[in-house]
Amino acid sequence: MAKVVVVTSGKGGVGKTTSTAALGAALAQSGERVVVVDFDVGLRNLDLIMGAERRVVFDLINVIQGDAKLTQALIRDKRLENLMLLPASQTRDKDALTGEGVARVIAELRESFDWVLCDSPAGIERGALLAMHHADIAVVVTNPEVSSVRDSDRIIGMLDSTTERAERGERIEKHLLLTRYDPARAQRGDMLSVEDVLEILSIPLLGIIPESQEVLRASNVGSPVTLNAPVSAPARAYSDAVRRLRGEIVEMTIPSDKIGLVARLFGRRVA
Amino acid sequence: MNGFLSFFRKRPTANLARERLQILLSHERASAGQEGLVNTLREEILAVIAKHIHVNRDQVQVKVERHGEASILEIDVTMPVHRMTLPT
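Chain order of the listed sequences is A and B. Quick note: the first sequence, position 94, residue 94 per the working numbering, numbers continuous. If you want the working numbering, it's the position in the second sequence, counting the first as 1, plus 1000.
Just to be clear, a hint being listed does not mean it is correct.
Coverage of chain A stretches by chain B, computed from C-beta distances (three or more under 8 Å per stretch; other residues unrestricted) [as the list claims (entries may be wrong)]: (1) 150–158; (2) 181–195.
Quick partial rundown of chain B residues pointing at chain A, CB under 8 Å, derived from the structure [stated by the list, open to error]: (3) 1013; (4) 1014; (5) 1015; (6) 1024; (7) 1025.
Not close to chain A: a few residues of chain B, all C-beta gaps over 10 Å, as computed [what the hints assert, rightly or not]: (8) 1020; (9) 1038; (10) 1040; (11) 1041; (12) 1043; (13) 1051; (14) 1052; (15) 1057; (16) 1059; (17) 1061; (18) 1064; (19) 1066; (20) 1070; (21) 1073.
Derived from the structure by calculation, the hints contain no laboratory data. Treat the numbers as computed from the prediction; the structure is a model and nothing was measured. We put the beta carbon where it would ideally sit given N, CA and C, even for glycine.
Isolated chain A (complex conformation):
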């Protein structure tokens, strides 16, 4: 049974697209058939983060309006053959994204893939609501920062009230993905801690992605961080999150790139 996952946050710039690409690639690496879908009509960026920006011919809107078949719009990843991208359009006409059209595309994707990852636009408008509407699972991306936590709380409320599952009286599975986390600053009391955010939002934790230079480096070259720097701290954190998404029990850690003095002497990384 295919699983539809929405990667959402309310606030912009917290790492939705980065996380969609990283989770999608890690899922594909574990052998699953994965499609990542960009819902940010007018401001698409998943193509750029995936390094497929020059291969976009047709997009989600073309498929919805019947100008292209789904198979024509899907772009196969150059590194992983079981990873596909469905880009958003750059048109400014957001009304082209219809509820009925999205339902049709998601239903069709469910038939050919194990995982459908929907990269939501920021905000609480139509695009964000459509991205979450058909989801079985929501990954709520949050930074340890007041405005991000507040907006995540709002999005969690909407997941519980406006999605298809909520309308059927079913529960939507919600997971917190805490990104740009700095354990040292949290330790000093200058950043909300994992416990603080969990206590406030009270949804289960999927993973903690540490702040890392590798995320920007990966986006510079157009490769998901899980493929570009697989042993880096954020990549290991994303890979752990994917194992949890697949139902494995994985101990919660905050991977680190920092090399301690003792470890440096012995030439080892501190996990």
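Assemble the complex: chain A is given as a structure, and chain B must be docked to it using the hints.
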């Protein structure tokens, strides 16, 4: 010595962030739930009134005001004086 050092050290701020969020979100969650309730009430009250009187949507105001422990439901209907007849 400790006192001397803490003079230079900045105070941790995460506690304040957590407390501000907890207060803010307890309000926002309550009002988000209430917004749904008020909308439902407005629609159903409008339907009942429409059975008997011709009124426009903007002539019916439904408000919930919180006063400490209790809430007051306020329904304000502007009725046309000369046309208080049953709709045909």
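Here is what the structure says about each hint:
1. 150–158: Holds, because 4 residues of the segment 150–158 of chain A bring their Cβ atoms closer than 8 Å to Cβ atoms of chain B.
2. 181–195: With 7 residues closer than 8 Å to chain B, the segment 181–195 of chain A meets the three-residue bar; holds.
3. 1013: Since chain A brings a Cβ to about 6 Å from residue 1013(B), closer than 8 Å, the hint holds.
4. 1014: With Cβ-Cβ at 5 Å, under 8 Å, it holds.
5. 1015: At 7 Å from the nearest chain A Cβ, residue 1015(B) passes the 8 Å test, so the hint holds.
6. 1024: holds, 7 Å
7. 1025: holds, 5 Å
8. 1020: violated, 7 Å
9. 1038: About 15 Å separates residue 1038(B) from the closest Cβ of chain A, which puts it past 10 Å; holds.
10. 1040: Check passes; 13 Å lies beyond 10 Å.
11. 1041: Residue 1041(B) is indeed farther than 10 Å from all Cβ atoms of chain A, at 17 Å.
12. 1043: The claim holds: residue 1043(B) sits with its nearest Cβ about 16 Å from chain A, beyond 10 Å.
13. 1051: Non-interface label on residue 1051(B) holds, nearest chain A Cβ at 28 Å vs cutoff 10 Å.
14. 1052: holds, 32 Å
15. 1057: holds, 23 Å
16. 1059: At about 29 Å from chain A, residue 1059(B) clears the 10 Å cut-off, so the statement holds.
17. 1061: Since the minimum Cβ distance to chain A is about 24 Å, residue 1061(B) lies beyond 10 Å and the statement holds.
18. 1064: holds, 18 Å
19. 1066: With a cut-off of 10 Å, residue 1066(B) remains clear of chain A, as the shortest Cβ separation is near 19 Å.
20. 1070: Its Cβ never comes within 10 Å of chain A, the nearest being 24 Å, so this holds.
21. 1073: holds, 22 Å
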